[in-house]
Each structure stands twice: as C-alpha cells, then as structure tokens.
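Heads up: the sequence lines are chains A and B, in that order. Heads up, the first sequence is in full-length UniProt numbering, so the first residue is 1 and it goes up one at a time. Heads up, the second sequence is in full-length UniProt numbering, so the first residue is 1 and it goes up one at a time.
Treat the hints with care, as some may be off.
Ranges between beta-carbon positions, derived for each pair [to be verified]: (1) Glu255/B <-> Arg22/A: 29 to 39 angstroms; (2) Asp75/A <-> Gly506/B: 53 to 63 angstroms; (3) Tyr15/B <-> Glu48/A: 36 to 46 angstroms; (4) Ala426/B <-> Arg8/A: 52 to 62 angstroms; (5) Glu48/A <-> Gln162/B: 28 to 38 angstroms; (6) Leu76/A <-> Thr496/B: 47 to 57 angstroms; (7) Asn256/B <-> Asp75/A: 46 to 56 angstroms; (8) Gln59/A <-> Glu35/B: 15 to 25 angstroms; (9) Asp148/B <-> Asp75/A: 57 to 67 angstroms; (10) Ala297/B <-> Gly92/A: 31 to 41 angstroms; (11) Gly92/A <-> Thr513/B: 21 to 31 angstroms; (12) Leu166/B <-> Gly78/A: 43 to 53 angstroms; (13) Leu76/A <-> Thr513/B: 36 to 46 angstroms; (14) Asp292/B <-> Gln59/A: 37 to 47 angstroms.
Because the hints were derived from the structure by calculation, they are not lab data. Ideal Cβ positions, reconstructed from N, Cα and C, are used throughout, including at glycine.
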Amino acid sequence: MSTKAKARPATAPVVFTANRLRDGRVVWLGTAGLWRDAITETVPFAPEAAETGLALARQGERDQHVVGVYAVEVDLAGPTPLKFRERLRVQGPSVAAEAA
Amino acid sequence: MNALTYPPHARTYRYDEIDREFLQERIAEFRGQIERRLAGELTEDEFKPLRLMNGLYLQLHAYMLRVAIPYGLLNSAQLRQLGRIARRWDRGFGHFTTRQNIQFNWTKLEDVPAMLEALAEVDMHAIQTSGNCIRNTTTDEYAGATPDEVVDPRVYAEILRQWSTLHPEFTWLPRKFKIAITGSPNDRVAAQVHDVGVLAKRNERGEVGFEIHAGGGLGRTPIIARKLRDWVPEAEFLAYMEAVLRVYNALGQRENIYKARIKILVRDLGDEFTQMVEREYERMPRDRYRLDPEIVAAIGAHFAPPPFASLEDQALHADPEFRQWASASVRAHRQPGYASVTISLKPIGGIPGDASADQMEAVADLAERHSFGEIRVTHVQNLVLPHVRQEDLYALWGGLRAAGLATPNIGLISDIIACPGMDYCALATARSIPIAQRISERFASLDRQHDIGECFINISGCINACGHHHVAHIGILGVDKRGEEVYQVTLGGSATNDAAIGELIGPAFSYDTIVDAVETLITTYIAHRVPGERFIDTYRRVGVTPFKDALYAPA
C-alpha cells in the first residue's frame, strides 16, 4: 500500500524506501529484493526503469516485510535524496538530543 | 507496580474492575491483531484502522504510540510508569502534546502489547488517541486549584470521557472530534478553537450549567467557534452534546477530508446548524440521557480536594534566582498557604514538550513529596504540580533544578508550542523543533525574556496546525517549497477569551532567516510598545504595518 508511489513520473534516478513492518524502521531496497538499513546499500533505478523497481519493491509489501513503499529521487553520489524529507529519513531526526 | 501503589490523595479517576477487565480484553484483542499482522495474515490496509484505533501511527522513522492522558491528569505512579516505558521501549524520552497526551516516537510494533500491558498496570491506554472518533477531552491544568474557578471541569471531563469512550454511534465520525472544557471564566483551554468548547458555569441559584460553542478549529481552515447555547442545564449536558454530535455525524462531509470537520458544517449552515441541534435535542428521549445528580456526585468524589493543611500565605524565599523562577512558574492557589507550580518542558535549546525518563521519575517523586502525588499536563506542553505548600516552593525549585526542569520561562518567548514536525511526523512538510530550539537560543537571556514579557510563539510543521500556530501572538507555519522548508508568519492570534486567528504577514522566510524575522518582530514591538503592553497589545494597537515594514523593508 502506498499512495506516494502514484507521484509524478521520475525525472532523476530513483531508489525505493519503506518502513520495516516489525519495528517501523526506515529501510531501502537493495539487491535481490532485500531491504537494507543503509541507503548506501540501495540499488538506484534509472527514471525510465522506475516502474520495474516499483514492482520489485511492492513485492516486499506483498511479502509483509515492509510498509509504505515509495520512490525517492536521488543524486547518485551517495546516493543522496533530492528532497529534504527523504534526507531526514536517511539521517534520522535533526534533533541532536534524540538522534543520539 | 499496580494501582494499589497509587498516591492515596491524588485526585485522578480510579478505574473499577470492569474498566480493568475491559482494558485487558482490548489488549488481548490487539495483541492478536499484531500477531496476525506480523505473521502476514493481515495486510496493512486491513491492519491500519485497527492500529489507529489503538493509538499506533506509522511515522517517518518508526511507529509512534500516542497514550491518552485523560484531560491531562496524572498521578505519580502513572508518570513513573511512563518514564519506565520510555526507558525500556523507547529511547528514553516521551513527548507531551497539545492534546495533553504523551507520544513515544520510537515504538516497535512487536513491543506494543507489552507497552499496553505496562500502561494498563496504571489504568492507562492508547484507545481513541487516533481515528475519526472523540479524542481526549482537554481541560484547565489548574482545575481544582485556581482561585478563578467556578465549576470543577474535571468532573465533567470525566463524564465526557465515559460517555465518548467506545460510544457506538460516534466511533466512525466524518473526522476526528476534539472537545475542551473549562470551569473558569478565563479560558485556558483554547475552547473557541475546538470542535466543541464548553464553559461550565453557575446560574444565580448556584446550579451548574454549560455554555456550548461548536465549529471552532485550526488546520487548513481556521475558524473561531460559534456559540450554540448560553446555558444547558447539568442534567441535559449529555443530551445536548449528543445532539451536536448527531447533527455532525449525519451531515459532515465524509467525501472530502478537507471539509469533513464540524467547523466547515457549522460555517456553511450558520444559524441553521444551531436550529438543527435544537430540533434533535428536543426530540431525544431526555429521561434516557438525563445526567443523574448521583452519578455526578459519585464522579465528583474522585476529584474531592486533597487533605489540605490549614496554612497561611507566606513570603517567598529571598534568593533572587529562585524569585525569578517563581515569578514565571508559581501561581496563586485557592487554598491559603498553597500554590500551583508550572514546570517548564522548554529548556533553552531543548525540544518543547519532551521529557526524559529520568525527568518523568523526578517529577513523579517531587509530586509525591510536594503535591499529593498529582501532576497535570498542559496543552502548551508543560507540566503542573497543582497543590504545593508555599513553604515547600524553595525545596521544590531545588529538586526541579537538579532535574534540569527549572527554566523560568513560563508564558515568555521561549515557552514555545511546537509539533514534532518533519523530524518525526509523516504528514509534516517542514521541521518545527529546530526552529523552536533556535528561537529559544536566540532569546536565551532570561532578563531579556522577562523584559519582552508575555509572548506566545507557536510552530506547526504543516497546515494541519498541530502546533496551534494560528492562535499564537507570533505563529510560524513550515511548508514545503520545491523540496525545501520555508516558514510563513502570522501575527495577532489568541487562544484565550479574545480568541483570534493570526494574520498572515507576507512572503515566507527560509530556514536560515526565520529566527532573524522573529527578532525583527520583537525589536519592532519593543520600539512601539507603551508601558504595560504585551506583544499582542501593541500589535492590536498599532496594527500590522510597522511589523510588515520592518520585515520586508528593502535592505
């Protein structure tokens, strides 16, 4: 289930993120359809291959491993999400006292 | 720990065996649902409404469990247990909210049944803290203590809690529904920006009745409530409330989430809404809904005054630092020799509303020692010890200082309301907490804060306005602009008797410039104020122009 996956077609490379079902933690779609804790282990898809990636990511929802799959446009250096919201998903809260 | 260890004189509602049995059944039911979800037998679409009914959200980084604190009342056993939960199943923190509840931001789904069991040990739960139902009724944090109180609102807040909990007719309302009740003519509950705001009062014969306002709210469409009735007799209170809910339940715009709150219906129907409520009220079987005085008295007994000693008022300790704290934090009490103390959860550079497990335990201990074991949560995200002997204030201050809880900024510019914002919330479009932190750091000087005087800054991280920015003297709304955070400023809002929606002052500011903008607003206020004026007074007298000119003048 993800409404965010219906967003406009990607114009930059995308990776896929979700929350892990068991504990809600942010995860990223890596190789072989496995969900990883670190964005550095994610697999970027070219914009024209985003639908293929989404289908793979959705399998994680069908398998009940993750919740709320959606695509995130990234700069391949890192990779680093283009939008601030997803950069926060990578970094955790910007609030030092609780991010520790 | 269990209910038997409650402080004997804390005036919080005590569950009976039926309440406790129900809670255990509900936990067992949700435990089973979680197990089926983890086993893949329930999809997220099937599970989501079930978890929301139990206060469990999925946020940006994790699940969040929102725990109900009925009308903001806690006893020390309960607060100590919240600290234990924070330490064991969260990251050692809890976040007190503008609904007088607490949220745990790092909840694991698999831990939720154990967390709910721990809550049930102290008669607490997370039911109806989410979903399109009647949420936690909020009330005056100084109830039962403040000299200006006419009617104790806790009694009727508890009656509303019992009436609204699992009410079969109102489990699936068009949208969520929030009620605030006060028993003082001085509104400290933001009654006029609630779905229903209730003012409990007395007539010339001393009888209790209720002034009912409906259709207030913040969010995307901020509206001040409309007064429906100046007087509803006590016996008819639930009948009238039920009539309001029925009209809303029947006519609220379920098809459009942005128009589904009662405020839109009341705004669109105007006086016709009032008439429809009256017609519904008239045709209801009133005997069935009659609020029996014996029930009121029985519930009222839970909130009887604690055993106050016979004391006289006394002068404050001479320590100047203590006096500065007391001038902000200590409030008059109806009982001679006692005072109410507001504990700031807004340390300079801190996260508004956050308390660590250690701090929760420290406050629980101090409440036991100095306030009959009672604690209140305020809708501005602070805590209150309602009944403190004046002779104990200095010792209490020492205890609060040791726990990092003695910031003397209540009602001042660093006493900021802030929603969790994008740091935690899945709906947010910008961060709130770091803005609050930076503003409080900018105005860290307590002498300067006291010179500025009363000034309310509220910050929301999206248009849903959980940070109540519309009703702040200076409201800040974070929005997304092409993937980056920008902050709009509103001026002149108020959540008290003179409730008003703030006016948007102009183009938004960046994350880097919003604190400078606040500084400019304060500098402008200082330049224009006359003796005795608060920020809001000066704003109302001189209007928006000087502030706008100062903010947007060409460099």
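Taking the hints in turn, this is what the structure says about them:
A C-beta distance of roughly 35 angstroms is found between Glu255/B and Arg22/A, which places it inside the suggested range of 29 to 39 angstroms. In this structure, Asp75/A and Gly506/B break the distance hint of 53 to 63 angstroms, their C-beta atoms being roughly 33 angstroms apart. Tyr15/B and Glu48/A have their C-beta atoms about 60 angstroms apart, which leaves the hinted 36 to 46 angstroms range violated. A C-beta distance of roughly 20 angstroms is found between Ala426/B and Arg8/A, which places it outside the suggested range of 52 to 62 angstroms.
The supplied range of 28 to 38 angstroms is broken by Glu48/A and Gln162/B, whose beta-carbon atoms lie about 59 angstroms from each other. The supplied range of 47 to 57 angstroms is met by Leu76/A and Thr496/B, whose beta-carbon atoms lie about 53 angstroms from each other. Look at Asn256/B against Asp75/A: about 37 angstroms separates their beta carbons, and that is not inside 46 to 56 angstroms. One distance hint, 15 to 25 angstroms for the beta-carbon pair Gln59/A and Glu35/B, holds here, with the actual separation near 23 angstroms.
Hint check: Asp148/B to Asp75/A, Cβ distance near 58 angstroms, so the stated range 57 to 67 angstroms holds. A hinted range of 31 to 41 angstroms is violated for the C-beta pair Ala297/B and Gly92/A, which are about 52 angstroms apart. Look at Gly92/A against Thr513/B: about 25 angstroms separates their beta carbons, and that is inside 21 to 31 angstroms. Checked against the given bound of 43 to 53 angstroms, the beta carbons of Leu166/B and Gly78/A, roughly 49 angstroms apart, stay inside it.
Between Leu76/A and Thr513/B the Cβ separation comes to about 31 angstroms, which falls outside the hinted range of 36 to 46 angstroms. Taken as a hint, the range 37 to 47 angstroms is violated for the pair Asp292/B and Gln59/A, whose Cβ atoms sit roughly 58 angstroms apart.
Violation of the numbered hints given earlier is confined to hints 2, 3, 4, 5, 7, 10, 13 and 14; the remaining hints are satisfied by the structure.
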